[in-house]
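Student: Sequence:
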Amino acid sequence: MSPRRTGRPWIDAEKLADALYALGWSTVKKLPEGAAVRLGRRIADIAWKRRGKGVLRLESNLARVVPDATPQRLTELSRAGMRSYMRYWMESFRLPAWSKDRIRAGFAVEDVHHLVDGLKSGRGVILALPHMGNYDLAGAWVTTELGVPFTTVAQRLKPESLYDRFVAYREGLGMEVLPHTGGAAFGTLARRLRAGGLVCLVADRDLSASGIEVKFFGEATKMPAGPAVLAVQTGALLLPVTLWYDDTPVMRGRVHPEIEVPETGTRAEKAATMTQALADAFASGIADHPEDWHMLQRLWLADLEPREEQPRAPGGSAASGTSGTEPV
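Numbering (the UniProt record's numbering), first residue to last: 1 to 328.
These are calculated hints, taken from the structure and not from any lab test. Among the hints, a few may not be true.
[As the list claims (entries may be wrong)] Cross-link-like lysine-lysine pairs, in silico, PhoX-like; alpha carbons within 20 Å at most:
no., residue 1, residue 2
1, K30, K100
2, K53, K100
3, K100, K29
Bear in mind that the values here come from a model prediction, so they are computed numbers and not experimental data.
All chains, full assembly: derive it from the sequences and hints.
Tutor: The structure is reproduced here in structure tokens:
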């Protein structure tokens, strides 16, 4: 009996996703850099012209970031946003083939002394990032230029082979990747920090019950508790980082000043205050470079449907404070 008659899908979506990622890592990395750039822009422009749900959601999110933007300005921003998003993917597929010199030359970061001095202090450092630019490239730069390994967390994806690809990819860039297993992952991160290590977490979206509500561009949303709770419990420095692209092959970034633990309040109150400060730091970077914020999903609480069970951002975990096994 045919698949059509039985109602079974012609294509297994999970296997298709795995195959497409495999194709990207096996094929795109072999392209000349100029060809990969042109391919990424072409794919981005096709996706933008189709006006699918992701593009429309991106424009809706950008309308909050740039509230005085005209409809024409929003469409221009969303097109630039899709090109930035696809630049992330083209770079990520090619990163395993980049030389150390190419990685070093591919990222220029402002105020990196906050990170360097923090590591020298022995307190441990938490870098918290939004879905901006290419955090994999930033991580590869840290392990290559600074020679500092770090730990992050990834939610298990389906199929398992796709999760394995992402883990192998990031481990190949010098990262320690922990599977999201609730308290076990959190405990390992805490031990790394108490030993003076570095933890990197993508932390601008968490719609779970354990997320902390914050004001973000004037409206309520939730962000992961993990970065702030880790800082409160371990004494590690919490440093926001924002990333962006310009018209050169070099990605730009900034390490923001430390978000200090409040002197008074309960642990929960301290974590809430710090998470709001983290949201404010993210907002400052996103406002300066809105086209490089790759948020193609619902974020603000007002956008959620009543009683809707929200999926995490891919790779997300409230316990760990990360949402970045794969980008939005």
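Student: Checking each numbered hint in turn, tell me which of them this model violates, lowest number first.
Tutor: 2
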